Structures are given as structure tokens and as C-alpha cells.
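Quick mapping for you: the protein sequence lines, in order, are chains E, D and F.
The opening position of the first sequence corresponds to residue 1 in UniProt numbering, with each subsequent residue numbered one higher.
The opening position of the second sequence corresponds to residue 1 in UniProt numbering, with each subsequent residue numbered one higher.
The opening position of the third sequence corresponds to residue 1 in UniProt numbering, with each subsequent residue numbered one higher.
Read the hints as simulated data drawn from the structure, not as lab findings.
Keep in mind that this is a model prediction, so the values were computed, not measured.
One or more hints might be untrue.
Below, a list of computed lysine-lysine pairs in the DSSO-like style, where the Cα atoms sit at most 30 Å apart [said to hold, decoys possible]: (1) 114(D) x 311(F); (2) 349(E) x 339(E); (3) 349(E) x 135(F); (4) 114(D) x 227(E); (5) 227(E) x 349(E); (6) 349(E) x 114(D).
Take a look at the letters that make up each chain.
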Amino acid sequence: MAVTHGTSGADDPVAVVRLEGIEKSFFGVPVLRGVDLLLHAGEVHALVGENGAGKSTLLKVLAGVHRPDSGRIVVRDEEVSFTAPRDAQAAGIAIIHQEFTLLEHRTVAENVFLGREPVRRGQVDRRAMETQTRQLLDWLGEDGIEPGTEVARLSVARKQVVEIVKALSADAKVLAMDEPTAALADNEVELLYGLVRRLRDRGIAILYVSHRMREVFDLSSRITVLKDGAFVTCVPTADLDTDQVVRHMVGRPLEALYPERTSVPGAVRIALRGAGNERVRNLTFDVRAGEIVGLAGLQGSGRSAIARAIWGVEPFTTGTVELDGVPTRVTGPRTAVRKGIGYVTEDRKGEGLALRQSVRDNTLLVRRAACRGAAARQAADLTRLLGAVGVVARGPHQEVRYLSGGNQQKVVLGKWLAVRPRVLIVDEPTRGVDVGAKQTLYRLLRDLADDGMAILMISSELPELIGMSDRILVMHEGALAGVLPGGADEEAVMGLATGHQPGAVA
Amino acid sequence: MRARPRLADGTGPVLVVLLILLVGLAFAGPAYAEPGGYLALLKRAAPLVVLAVGQYFVIVSGGFDLSVGSLVTAEVVVAARLVNGDDANTGWVIALLLGCGILVGLVNGLITTKLLVPSFIVTLGMLLVLDGAVFLWSGGAPRGALSPSFRLIGRGSVDVPVLGQLPWSVIVLLVVVAAAVWFMRSGTGRTLLAVGDNENVVRLAGGRVDRLRLLAFVLSGLLASVAAILLAGFAGVSAQVGEGLEFRAITAVVLGGVLLGGGRGSVVAAAAGALSLEALFSLLNLLGVSGALESAVQGVIIIAAVAYAAHGAGLWRVLRPHRPVPDTA
Amino acid sequence: MSAVRERARGRSDVPPRTRTFVITPVLVVYLALAVLLVVGSVLVGVHGGVLLDHGGILNILTRGTVLGLVAIGQTLVIVTGSLDLSVAYLVGLCSLVAAETMAGSPAMIVPGVLAALVVAAVVGLVNGLVITVLKANAFIATLGVALVLRGYLEHNYTGPAGSVPRAFQHIGYDRIGPVPVAALLMLLLAAAAWWYLRRTRTGYHMYAVGGDVDVARLSGVRTGRTIVTAHVLCAVMAGLAGVFLAGRLGSGAPYVGTDAGYDLESIAAVVLGGTALAGGRGGVAGTIGGVLILSTLDTIFDDLGLDSFFKDVVRGVVLIVAVALYARRRAARRST
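Construct all of the structure, not just a fragment, from the sequences and the given hints.
So, in C-alpha cells, the structure goes:
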């Protein structure tokens, strides 16, 4: 069925989907106000905008999840109206969501044909399903995946391939990808690039939604910018640079994104001496009061494993950890908290916040959960705490799930500040946070350091890591590959992280 | 921050329902023209309210306790046999009953948290075990009798200046509810709610998730014992005394707008849910509706309450073909 | 979460495991059944009896028939990620509908059976619609419907009613050797349910809805329709159980389903059979194993002359232990 995608001439763009003047409000709040979008066959079209700019809603309109209040959707010169996702599917539009829409305990083929299983003589034709899945995988050059494998056994990158195959098997001509690299390891991102280009060359129109400017510039041929639910501009990528795009998104020139490094490092707060476990080995470094130390490395290089080990989730089995000069054994989050270590995890919704609880209860969570007696009862300075992190909410009783990503992250920070940790580990602190809120978070982290906190910062976004850190530790395959000063250039970091360039371990 | 005391989410609707029912009672029955009638209602409702509060702790932390009904039966049967009509036995038997409740809660909680068995299954198993064990022990029919002092708690009263006769069970009820409210406002109570919402977050915040969930089951077992003591005095000894109470308690909690699966709901609302249920049964009784239909009414109510919770005030919109889906992104 | 994710990445390029011999839950169930039969035979033998003689096999299969019918239906619902607590009252109701419609007349056998099944289907439809349209939690929805049925039964019946013609009573007692015909019919239905779940589109969709309802919806599965179908089929199976019981008892009995605790018992059988309560995995084959384990336990206790209440105790313990073992297996697999 889907294997016969034609390749259309790149010189004469064919409009596949046209959105005109799309408007959508929820409970009287306009989310989209007259958005236009034109997708050509065989192009990668980037859609960018701050969080809350309306990208997700636009995708959902395109996917038939939401019906627009007004505006037209035209697919191949024919106006359509989607009432359910299956209508959009039938029109050849598929969405690759950030969270995979795969069933872990079903096979690849079963997932690919979910909802459209071929039926022969009253029962599902399993052989046809597997054959066609294999053909599609071959067509994409992904022959390493067996159609009969249970999806739970696949890596994240391969699950994404299955997701794409699933879309293609529905004869998709338009593929909208929502932050497709968010869940991928760095080496897998390259593979995805290849896949996206192959899809493009085979005539598929790709709408690529991303926060990461580099991906946008690497892949796309045109960029559409949304701001506050309104269409700002649509221009060929070649005519723009990153600064201009950011300015379109934010609508104001961005002053220095990263605060100045003002702090003077003080005493050593936390020191690792030859520490290691299953996933990292022989780590020796320290973080001083007032310092922000960046932790760079490819995903899987052991960055998060260090955080989890310091924090006692999967503790170090060799070497020692010293806190303020005292050798300490941390056996679990509870002891870590009591010894003055805080940990802002990477997965905010899964590990950072109880989403149905109020701002107040989340902010006081650590204090209540881990501290006994007097400390647990002092809730009076909640207002001060929320003020310090600058949470914008309707009040302390608002449930955190209604807050924006940036404000949620501030609540997570507030939760830790409530117990005044001496060491704070932050893992991907600005993931899914828009540019404006990023700046606030950077300022906040720097202020905390200036107040004498020792901060260990993990991030996949190199500019952020380089802009924020006083020193950068680079990990490679579970070991420390080198230490670079703050403001080092990206190539130096990547060189160490990929193991191409040996660096001096300080 | 506003200074006035704030109702937790979902408390409003059930209080409105309760108020309507109470007003209805006043119109339907002459007994409710004066405080005495309402006091009698409270007395009748006390065991269910106490059970509902216990069930609330478990539900809000993300579980179910299906074993409370059979626990009540077991304890009443055991109490009758051990007390055997002798006042001298009252004290230690009550202590023993409370201890048994705690023990059952401990077992439920430990199996749920340590062996990772869903609480639905654990407490279902416990229900079977308790049912079987108590009849095995008593030989099929309850024997013995309660002592007057034992029954006093369930049916006796104490003279109070303004109100006149205040039943002991109402005092127990007020103490339990007040203690539960205090607990849910404390740090531990708030953390218990967070466990029901996302236990990962609590664990990573340094909280002891297993201990909190265990505590919920223990409280449920303990309160089931209290309810058993009240019921034994009030309703007397029978092998059917606890039948269906677990579902009635769950109905009450759900009627109070507490979210099944945990993480949301107030204990006051759960108690109000239990009281509403009891008030409704009294009202139906006054209106001459057959007692046999009680459960049918309970069934309709429980569905309506959950449907209301799922759709809020927009329930009427359900039948419209294309309702907007709120955007959470 | 992210720790798990990273770990998954660690083994990203392990080649997919080829079809080696895998210990599936179904295999475990039948192994447990075999062990139980051996241990039971020894115990009963020591007691001076024989477990698997003519009467013993008959006993096990007869006990298993009704529970099996209900549990097959329950499997469909649980695989779909739902639950049906109304089956016990429904069994009683359907036995009454069948017996009262037949009213002793052989000519009314077919209408009686049909009437019972239609009533069952309607109740299943109500369950399904309350869950899908009113968005009530399945536990609560079916509990509510159960209570409504109970109110109806309590209001209208005090004891057995209706009468089943002798011709129809054969269904309850005819057998081929030691094997009751009804048990064969039950196994036939189990096979049909297995085929339905594993080979038809709706069956596929039941696994999908149980696995992740949002994924299923986004993939174009009509989730509501799938859930309603599962509930209707489950109710019809309970209805068949009611009809069979009417045939066996000679009349309808309002509490025949609840006295045997078919609601929780059927869930126990399904869970014993290795189907996760959360849905999305498991199946009928395991359920039949679970049913046979429970009915074998009963028979062993009878042969040993043990108090019937003791059965409940053991049953409760078996249920908890079994699920604890599954939970351990799953946890162990996750950490390797």
C-alpha cells in the first residue's frame, strides 16, 4: 500500500496542505489567532515559537484532535474538516508525538497496523502485516528491526522509526514531528537526520517542530514562526540566522541570555575521590561553594548516572564522596536530602512534581517528606520562597499542572530551596522551557551560586552549558574525559565528549 | 493568599447535596423538626462515616481496601464470643479488636508495598481469608453475647448541658473526623496525598513512600475496628453485619468527590459523602421506598457521582457530538 | 523514569531475542495446576481416597464450568483494561429470566435462553456506556450497576422462581464419560474467545485499548466501541452461566451468583491465569488454567473433608501469593 510513494520534482513545489486563518480558543482563551501554514511535498518545514505560542494546538488541529473555531484546512486543493484523528489519517496526515504512541507489549507489525489491521477471511492477516512492515522498513533503510519483535525490546531511536513506519503505512503524505529529538541520545539524532532527509527525498512533506535552533537550521528549508498564537512570518531558512529567529519568537531583542559569572569560588562543598559504580568509573572532582560546574557528555556517557549516584539512587560502589570535607555515604534520596543535597531531575512531570497538588504542597514537599519535627512545620516562609524563585501562579493553591513549563520548573527549584541544600544538582534545568523563562532560571541559578551554593549542572544544550558554567567536566563512556574552563568553545567540548580529542584531566 | 478557611477541591458539591438532603428530611419527617432527629441520624451514620474516613486514606494514597467489610463482621463475631456477656471482658476485648484491625492493616499494607501486589487483589484476598477464618473459628454461626458496657459505645449517650443526650458514637465520630482533618493538614497528610498523585516524586524528595502507604492501610484497619465496635453495639451481633460495607464506604468516598486512583480529595468531603448516603437512606425510608431498593439507589448515586466528577458542571454537554477537549499542553 | 530510559538505551542494540523457549505465564499456570493435581492426589490418597477418579474429574469440571463461563467474559473485559463487578448479580438475574420465561414448558426453551441473553447483553451495554459515555471508572460503574441489579432482585424476589422443563435440565447433567457436556461447551466457548482475542480485529483492539487507551485512540481505534463490545460479551457469558445454572437447579435463583461470589472469584481466576489487572496482556488460556486451579482446590478440600470456610482462607492466600509471584517476575525482568 504505502510503498509506492512517488518522488515529486523539487523545483516545482506542490502544496500538500494549506492552513488558512486557523483560530481556536479554549474556554474563551484564544490559543490560535489566524494562523496560516503552507506545506510543500518534499520539504522540511520548521515550526518554531515559545512554549504557549500555539505549536501543539496547531499540530492537534492538523491531526484532527481539535476542531478549529474558524479557518480552512485544504488538503491537495480540497477543503476538509476533521472530526477525529482517523479523518486526518485518511487524508494522509500523520503526527509523530513526543510521547510515542506505541503499545509496549505488542509487536512492531501489530503496532504499525494498529487500527487498520488487514483482514482476510474474518481474521487478521498477520502474514500480510509482517510483510508490509518489512517492506516499509527496508524502504527506509531500517532493516535492523524485525516486524515480529515486541516493541518493549526496542531502543528509543528504533521505537521512533516504528512510529514513523506506522505513519507511512497509513499512506501519510504529511508527517508532523513534535520535538522528535527530545527523547533521543545524541548519536541517535544523526540517524534521525538521515531518516528525515530520506523521507523528504521521497516526497513526504515534513513539519518539524523543535526548540533546538541547530536542528531547525540543519534540516529545514523554510521556517514558520508563531508567537502568542499568531502567525509571525514564514521565510526560507537560508535568509535567516539564529538571532533573527529568536527575535521573531520572543518579539524583543534578547539581552545577554546568560548572567555574568560574578561568583568567587569558596570552600569545597562536595568532592568525589575515585568514585565509581556499574556505569561510571574513577571519578575525581570537586565542586566549590559559589560555583556552577557543568557536566557535559553524550547521552548515556554517565552524566545522569553521576547525579543519581551522588544522590543515592544507584550509589557509588567504589571511592569516596566528601561533603564539606567529611567522607559521607549516601544510601538513598532521604539521606541525600538530609545531608544537604538537592536534585532537580530531568523528568519534571514524572519525577519532579505531583501535578495534581498545589503550588504550596509541591514547594513544601521535600521539607515535609524528608525532614522531621520543627523544620517540617515551618511553612510560614512559603511566600518568601515562591517570591525568590519568581513563580507566576494564581495563588499558592493553584494546581501545578496548570502552570507553564517554566513556572513548573521554578516550583521544583523552590521545593529544593525550602530545605536550603548546600549542593544542588540540576539535570536539564531548561528542558521544555521557553526562552523568556530560561533567562529567569539562569539568573536564579547564578544567584543561588552567589549565595554560596555549589551547583552541578547537567545539560545537553551546549550553549547553555558553556554560557552558565564556571568549569565544564566532560564525560566520555563513563569516565571523566577532561575539564574545560567556562566559555570554552563547542568543538572542544564535543571533541572530548566523543573521545576524538584527549584532554588534560585537571 | 486569602485568609478565610478554604474548602479543599470537590468539597462544595457534596456539601450542597448533604444540605438538600437534610432540608428534605426536615420536610419529610416530623422527627427532623428538632435537633434530636439529626442527632439520631448522626448516630446511625457514625460507623459508615468512620469507615469512609479509613477508606479515604487508602484511596487517596492510590489504593483500595476491600477487606473492611469482612473485617467488621469478623470483629463483631469475635467480640461476641470473647466478651461472652461479661462486663469484665469489655476492656481487653476492645483493645484486642483495635489491635487486630491494626494487624490486618499492616498485613494488607506490607503485601501491597513489599510484594508489589495491587491493593485490589491483596484486600480481596484478605476479604476471603477473613470471611473464611472467622466462620471456621465460630463454626458458622456467631455465639456468645456482648456485655452492656460494650454496647454502651454504640448505643449509649452521655448528658451534655445544651444538647441534652449526646450519643457516645457521635462523640467518637467527631473525634475521628477532627483527628483525620488535623492529620490531612499536617505534613504527613499532605505527603500522603502526593503519594497518591505521583509516588516517584515523593520517593525522590526523600519521602518514605512505603511507610506512608502502609500507614494508610493501618489507619483503615484501625478505623474499621472502631466502626465494628460502634456497629456491634448499635446493630447487635450477626454474621451479616459487615456485608457490603466496603462498597458502601467506597461509594461514600466517591460521593465526596475523592478521585479513585489517588491524589485528590478531602477527608471532610468523604465524611460528608457517608453522611449524605445515610441521610438519603433515611429520606427514602420516610418516603416509603422499600428497603430492598436501597442498594439500587446507592448504585445510581455512585455512578452519578463519578460521572459528575468526570464531567463537572458540563455533564449535560456529554450528549453533544463534538465537545471540545481541553488543551493541557 | 529517566533511569529506566537510560538503561533501555544501554542495551539498545542487542539483537531481538529469537524464538527460544520462553516461560510464559500460561505455562506457569498449567505447571502449577499439574503440581496441584499431583500434591492433591497424594494428600487425598493419604486420606484414603482418589482425587482423579470418575467422580473427581466430574467434580472439578462441573465446578469449573460456571466459573469458567464467567471468567472467560471477565478476561475479555480485563484485557481491555476494564473490570466487571456486576456479573454475580447478572448470573442470578439471568437464571431467573430463563426459568420464568420457560415456565416449565419445553416449547419455551429457546425463547427463555434468548431472553436471558438479551437481558445480559443490555446490562453489558449499560456497563459499557456508563464507562465510555459517562466516563465513570469501570470499578465504580459496574459496582453501581451491580447494586442496581441487587436492588431489583431484593425488591422482587425472595427465593427461587420459575421452572425449567426437564428437557433443558439435561444440559446441566448430561455427560460423555466423566466429562460433562456443559464443560465441553464451556471449553468450546473458551476456544472461540481465544480465537476472537488473538485473531480478529476487535480482539487486537481490545489488547490495544487495555495497553494504552490514548495510543489506541490516536491510532484510529474506536476505543469506546471496543470497550462496549467487551462488556456486552462479558455480560453475555455471565448470562450463559445463569442459563446453565437454571438448567442445573431446575429453577432460577436470585442469589446463585453472589453466593458463589462469581464477581470476585472470576477476577481471581483471570488474575491467577496471568492476565494483568491493568489490561493489555494475558488471555483466555491462562484464565482456564486459573479456573481449573480454583475448582481443583475446591475438590481436594471436599475429598479431604475440610470445612468449606477453610477454602476461602486458602483461596485468598493462593490469590495473593500468585499475584505476588507475577509481580516479582515482572520486577525481575525489568531490572535485567
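Given the hinted pair residue 114(D) and residue 227(E), is their Cα-Cα distance within 30 Å?
violated, 50 Å
Measure nothing beyond the straight line between the CA atoms of residue 114(D) and residue 311(F); if it is 30 Å or shorter, mark the hint as holding.
holds, 26 Å
Given the hint that residue 227(E) pairs with residue 349(E), does the C-alpha gap stay at or below 30 Å?
holds, 25 Å
Please work out if residue 349(E) and residue 114(D) have their alpha carbons no farther apart than 30 Å.
holds, 25 Å
Are the Cα atoms of residue 349(E) and residue 135(F) separated by 30 Å or less?
holds, 24 Å
Holds or violated: residue 349(E) with residue 339(E), Cα cutoff 30 Å?
holds, 25 Å
In summary, the one numbered hint that this structure violates is 4.
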